[in-house]
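Following the hints, complete the assembly by docking chain B onto the known chain A.
First to last, the protein sequences are chains A and B.
To convert, note that position 64 of the first sequence is 64 in the numbering used here; the numbers rise steadily by one, no gaps.
The numbering used here runs 1000 ahead of the 1-based position in the second sequence.
In case anyone wonders, no lab produced these hints; they're calculated from the structure.
Any given hint could turn out to be false.
Far from chain A, by Cβ distances over 10 Å, these chain B residues were calculated [said to hold, decoys possible]:
no., residue
1, 1010
2, 1096
3, 1103
4, 1135
5, 1276
6, 1315
To spell it out: a stretch of chain B is covered by chain A in this simulated footprint if at least three of its residues, at any positions, have a beta carbon under 8 Å from a beta carbon of chain A; those stretches are [unchecked claim]:
no., region
7, 1054 to 1062
8, 1069 to 1080
These numbers come from a predicted model, not from an experiment.
We treat Cβ as the ideally placed atom computed from N, Cα and C, and that holds for glycine.
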Amino acid sequence: MADTQQLKDLVTQVRRDIVRQVHAVNSGHPGGSLGCAEFLVTLYNEVMDHNPEFNMDGTNEDLFFLSNGHISPVLYSVLARSGYFPVEELSTFRTLNSRLQGHPTTHEGLPGVRIASGSLGQGMSVAIGAAVVKKLNGDAKTVFTLHGDGELQEGQIWEAAMYAAANKVDNLISTIDVNGQQIDGSTEQVLALGDLKNKFEAFGWKVITVAKGNDVDAVLAGLKEALASTGKGLPICILLHTEMGNGVDFMMGSHAWHGIAPNDEQLAEALRQNPETLGDY
Amino acid sequence: MKIYENTGSKDTRSGFGDGLTELGQKNKNVVALCADLTGSLKMNAFADNHPERFFQVGIAEANMMGMAAGMTIGGKIPFTGTFANFSTGRVYDQIRQSIAYSDKNVKICASHSGLTLGEDGATHQILEDIGLMKMLPGMTVINTCDYNQTKAATLAIAEHHGPVYLRFGRPKVANFTPEKGEFKIGKAVVLQEGTDVTIIATGHLVWEALEAAKALNEKGISAEVINIHTIKPLDEEAIIQSAKKTGCVVTAEEHNFLGGLGESVARTLSLNCPTPQEFVATNDTFGESGTPEQLLEKYGLNAENITLKAEKVIKRK
Chain A
1 MADTQQLKDL
11 VTQVRRDIVR
21 QVHAVNSGHP
31 GGSLGCAEFL
41 VTLYNEVMDH
51 NPEFNMDGTN
61 EDLFFLSNGH
71 ISPVLYSVLA
81 RSGYFPVEEL
91 STFRTLNSRL
101 QGHPTTHEGL
111 PGVRIASGSL
121 GQGMSVAIGA
131 AVVKKLNGDA
141 KTVFTLHGDG
151 ELQEGQIWEA
161 AMYAAANKVD
171 NLISTIDVNG
181 QQIDGSTEQV
191 LALGDLKNKF
201 EAFGWKVITV
211 AKGNDVDAVL
221 AGLKEALAST
231 GKGLPICILL
241 HTEMGNGVDF
251 MMGSHAWHGI
261 APNDEQLAEA
271 LRQNPETLGD
281 Y
Chain B
1001 MKIYENTGSK
1011 DTRSGFGDGL
1021 TELGQKNKNV
1031 VALCADLTGS
1041 LKMNAFADNH
1051 PERFFQVGIA
1061 EANMMGMAAG
1071 MTIGGKIPFT
1081 GTFANFSTGR
1091 VYDQIRQSIA
1101 YSDKNVKICA
1111 SHSGLTLGED
1121 GATHQILEDI
1131 GLMKMLPGMT
1141 VINTCDYNQT
1151 KAATLAIAEH
1161 HGPVYLRFGR
1171 PKVANFTPEK
1181 GEFKIGKAVV
1191 LQEGTDVTII
1201 ATGHLVWEAL
1211 EAAKALNEKG
1221 ISAEVINIHT
1231 IKPLDEEAII
1241 QSAKKTGCVV
1251 TAEEHNFLGG
1261 LGESVARTLS
1271 LNCPTPQEFV
1281 ATNDTFGESG
1291 TPEQLLEKYG
1301 LNAENITLKA
1311 EKVIKRK
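With the rest of the complex left out, here is chain B:
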């Protein structure tokens, strides 16, 4: 088994902020917009370094999305920043018409996604955003797993032409992917090779999947762990190849099972190599207040539940 070391827990939003700071220096066409959450999104450094390229729009997300679309006309690459809930559901029609249908090169960067936003509760914890965004034609959907990967993804999406939804979060989580690692949009990363079960995870649950693989290993079960940072376009080849090898799959995500990564994987499997699958995801529910750890435990989004689901799906082979 490969050993992954947490080099020091950090929040993924800081990966975004540091990536944006670097982009500000590297690419003069990058502009940033924020809806009164500059500190929460870690956009302060960009705002301080490039006040002329930073646009504080106030608590007006619809206007922010429209402005971002307009800013592409003239060659800029706008990065919008607010919470995931206000980056998607609140402004769905603005994104649909002015950005996606109009094929505008806007990067929608969304922090505080999922349950791990924590104490603010369900009004702010969106568990539907991956589904909303992956349904839009032409939209690239990315959910990164740690600080390093979020920073790498932030740099990578500036080089990609087209609308992108980049999803990350608030809590400090294990930082274990390589510093300055390569980020290839649409390319799955096999973190652990195994033969008995495939665990396909995205976002904060990738680390939990690695922990689950360790626990399974101690029980004599060999788990393959795949990090799907890009939910759309999905790396179907990597999924099919692994499913054919192990014969069963567990998907894990901090999102509703409806519309999430698991459903995209299920479609791929049913079309190419029907395979038993179990879902680690929220079960068509809203979240609630609590600490991130408490919430992940209550809603079964942790290594323990991934381990249980792996054992269950192996029996279904």
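Just chain A, with the same shape it has in the complex:
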């Protein structure tokens, strides 16, 4: 894509896809999905070298692992609009016999998904495994992950962070969605995360902070800096500061929309705020 307006149009359409998926089944996680729309759209369209003719091994292409699997609506929308499967299939989200399970899975053979996620804290380890095999295979591509900030409360994340630094897994870029919210309230109230930059640096990672994580230009700059930092002996962490519910004003600024669906009126208002750009499914 040539200019960021096209990316912004795609973000707007992805937001529509998110709220429509969640509304249709009255379940799912719109807040975190909306907050990560700019990141995933930019990653899949401007940064990753990837092949929608999906094969599990992903040899000689960049790989992405979603560790906070509950934001499946944004992943499904971005995958569909990148050509992994028909956009119409978004209408099957969370319904019986669908490939679009509540949380992403390989079990139903959905193209674009290489690991099940949902139970938190596991994606960084999986990504490290894939990254070290890329090195072993002489494959110079990069492995990306996305994690929620609340997810960092899981101990396995820090086992993985320690391993990646100790073993110079420098073809790994792990992004943390720092929205400061989790189910029971703010991360500050539930279990304060402390200084994440200092924590990752103390673990031996290079840390890049993207203060405007809902601005495609800022996200793109951060991802480009991260890519340029690979191959230098350090795993890379992007602290992506986002707003949960971004793009739908009444969903922003709290944890309230972490895991509930909009009603008919709320859906209409959310869609009014995000006019159709590329065509609804």
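Only chain B this time, still in chain A's reference frame:
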């Protein structure tokens, strides 16, 4: 009666280690991960021969299981190594989501299973792992009986696509199955043919079952002995065929009766040919410190108790 000779007692974990060493040379896609127990798992030779394919993860089993899942993406066949307790209960959710549900070709290799880990005591002696692992959809569960069979199983699981739990142990036990014997996943091995009672055993208790059959023979009782090295998928046909012939069954395992081989056999029998069954297994308890021999005796996991249970079940026919 067939005579089985102990060709020299060896630990089953060394069968795993030697199998892995051979695999390292035979199959370039085999990689190994270990959580700070390389010597205990006998993985040193693989680590020395193939440092680029050996991954020391430290005392971080959850990360090890996740990494193993990720390493299958790109075509590798990861073998993880740690104690049975840390291979299962400690990392159940990682195995469930990242390996089993994600259908990843990971081989979870678990040493020091059961009571015979010995002096370390109950924190390290898992007696629940067969149950935990057999409940996972798609998981193959194998518990080998001696050095030769463990080595053969290690080679065989590399050729099988899908997640596998391979369970073995620490102590030196009789080595009596054929060297370089064929290992067919899911295929029971009839070691002794008999007519009065069927003894179905797995792991270290297979040798004890053969000893029990000898003792029974001296009393004029003809015991059939079946080695079930693969608990899942279970060779139901072999079990049904033998139960129909003898009319009663004793199962023997170094595991809790809840969730173990015995329950899988009981299900098979109740669905196909209801047959009296006695269980040689631990009785819903944790273990404790002691030598392997002392523990097997105290918890009734030996030839003597198998013999008693056989006599008991024959009376229930």
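Okay, the hints, checked on the actual structure:
no.	hint	verdict
1	1010	32 Å, holds
2	1096	8 Å, violated
3	1103	6 Å, violated
4	1135	16 Å, holds
5	1276	40 Å, holds
6	1315	48 Å, holds
7	1054 to 1062	holds (count 5)
8	1069 to 1080	holds (count 9)
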